[in-house]
Amino acid sequence: MTLASLIAIIQGSVEMGIIYAIMTLGVFLSFRTLNMPDMTVDGSFVLGAAISAVLCTNGYPVLGLIIAFFVGCGAGSITALLHTKLKIQPLLAGILMMLALYSINIKVMGNKSNIPLNNKPTIFTPFEETAVADYIYIILGFAILLGILALLFLFLRTRLGFVLRATGDNENMVRALGVNTDITKLIGLALANGLTALSGAIIAQYQSFADVGMGIGMVTIGLASVIIGEMIFGTRSLLHRLTAVVLGAVTYRLVIAFALELGMPATDLKLISAIIVAAALSIPAVRNHINFTQKRIAAAKRNKGV
Amino acid sequence: MLKIEGISKTFGKGSPNEKLALDNVSLSLDEGEFITVIGGNGAGKSTLLNCISGVYEIDRGRILLDSEDITFAPEYRRSRYIGRVFQDPMMGTAFDMTIAENLAIAYAKGKPKNLSAGIRKSDYKLFRERLSLLDMGLEDRMNQKVGLLSGGQRQALTLLMATIVKPKLLLLDEHTAALDPSAAAKVLKLTRQLVEEEKLCTIMITHNMRDALEYGTRTIMMHEGRIILDISGKEREEMTVERLVEQFRNKSGTRLDNDRMLLG
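Residue numbers (the working numbering), protein chains in the order written: chain R, 1 to 306; chain E, 1 to 264.
Chain R with its partners taken away, still in its complex shape:
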């Protein structure tokens, strides 16, 4: 591997990591903050990409991102309503919405399964002729991410943000303190899927196409990124956690890029993601088992002399 190709791999991973970090923040909101396994993400990511691609084709790349965010919020709201008003389990509510979105996404793309964006204007186009052209993906992506990170941090410290976080911790307490948890869940899932759709929208413009299958396993990727971030960078304070999520998303991309470079077939990606998540989630159980076994061995040794 030459130095130039190494730098190219790192740059590409950081670019993708930054954009996927927005989706990861969404997954963090639903899985960690609200403590709800929201599968809608797989569908809302593509929904954002589809809307973004259609609007790019018509010459409105920026508007595409904005609309993608709000329509994503809508998708998350429907999942929340299925759960809170119709009492469908959160996991199933998300799966139903994800399934419905598959058909909806194809409709959005004009009954096609993908839209190429070659030679179409994107948010990156205006900078193509400038001096920063080589780094525009990182610069623009990072600017958007930083803005979202700041807004999310401030939001989670407002009164509404407080009850949202408390809902994931202890729903009973939140109701006992006079707050309708149906509404906090709705706002949380709407935001989570809005961010996911926005991430998908930017990805579509970054890679110059939208495809109906691009969201498969997005929940797992998001979760893997959140877990990697938390393991490496910790969970001390709110700011710490949000930063960890972003760094986790970038780390995940770097790991994947190097694995591909070392000859792993691209089709194995989902398998690796699934293994990472399963392994990370099983750490507490494995640790307990090891402790228990050690105790048993120690006790057996002590009792030998008796």
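Hints listed in this document are in silico derivations from the structure and should not be mistaken for laboratory results. Owing to the predicted nature of the structure, the values given are computational and were not obtained by experimental measurement. Warning: the hint list may mix true and false statements.
Each pair of labels, with its calculated beta carbon distance range [said to hold, decoys possible]:
#, chain 1, residue 1, chain 2, residue 2, range
1, E, Glu-246, R, Gln-294, 51 to 61 Å
2, R, Leu-92, E, Pro-74, 43 to 53 Å
3, R, Arg-296, E, Glu-246, 51 to 61 Å
4, R, Gln-89, E, Leu-115, 28 to 38 Å
5, R, Thr-125, E, Leu-115, 45 to 55 Å
6, E, Ser-26, R, Ile-283, 49 to 59 Å
7, R, Asn-114, E, Ser-150, 56 to 66 Å
8, E, Leu-115, R, Arg-236, 48 to 58 Å
Every residue, glycine too, gets a C-beta built ideally from N, C-alpha and C.
Based on the hints, put chain E in the right spot on chain R.
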């Protein structure tokens, strides 16, 4: 203040496990009254509190709080006027948030949940003042997560949270039952102090007959979903645990099934 008119609640209607948990219960509380509730397992004590707070819908009857009919109001809306502390110390606080953040959520009760700051600088002063009432040193640990507190500390904090915005009614469901004796005594003392200072209308379930007579201004005994004894004033002052047990046997026709109640 609180007026309960002939409420009934049956669980598992039509199933083999059908259980009449509340049988035409009526109860009135005047302003500042502090009722203690005793009774055996399955007497309907917790169900009564859960029906008042809106966790369960009632089958029949009416509940009025401060002359407002709240029979059909959802739980979260009633919570704006009702403070609650549960038996399980885990249930009253958000473990992954700090002490100050928990208090801030309680302090924002009844205020709109908008984008204004979750905690203001000036709030810290008030929180510090309230926390120092507990005499547990929590005022110097406001930025620590609640998950680090002991059960007794959590119950004390929950009690503060339930009363930081003065409720019209305070419901305590065996809130000291899961604590060790010294922590339980501390939380009970704090309960009395807060209730007396704020003149709170309170219903406290306890499994301890001595506490039931020592605390509060009125004691009711429940059995099989009904109130079988309701004493206050002079009659209550002269009551002893032994006579209470005897009354229970006479009125319910059964012996107390619960040693816990006698041993406390």
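These are the hints, each one checked on the structure:
{"no.": "1", "hint": "E:Glu-246 <-> R:Gln-294: 51 to 61 Å", "in the structure": "holds (56 Å)"}
{"no.": "2", "hint": "R:Leu-92 <-> E:Pro-74: 43 to 53 Å", "in the structure": "violated (24 Å)"}
{"no.": "3", "hint": "R:Arg-296 <-> E:Glu-246: 51 to 61 Å", "in the structure": "holds (53 Å)"}
{"no.": "4", "hint": "R:Gln-89 <-> E:Leu-115: 28 to 38 Å", "in the structure": "holds (31 Å)"}
{"no.": "5", "hint": "R:Thr-125 <-> E:Leu-115: 45 to 55 Å", "in the structure": "violated (34 Å)"}
{"no.": "6", "hint": "E:Ser-26 <-> R:Ile-283: 49 to 59 Å", "in the structure": "holds (55 Å)"}
{"no.": "7", "hint": "R:Asn-114 <-> E:Ser-150: 56 to 66 Å", "in the structure": "holds (58 Å)"}
{"no.": "8", "hint": "E:Leu-115 <-> R:Arg-236: 48 to 58 Å", "in the structure": "violated (25 Å)"}
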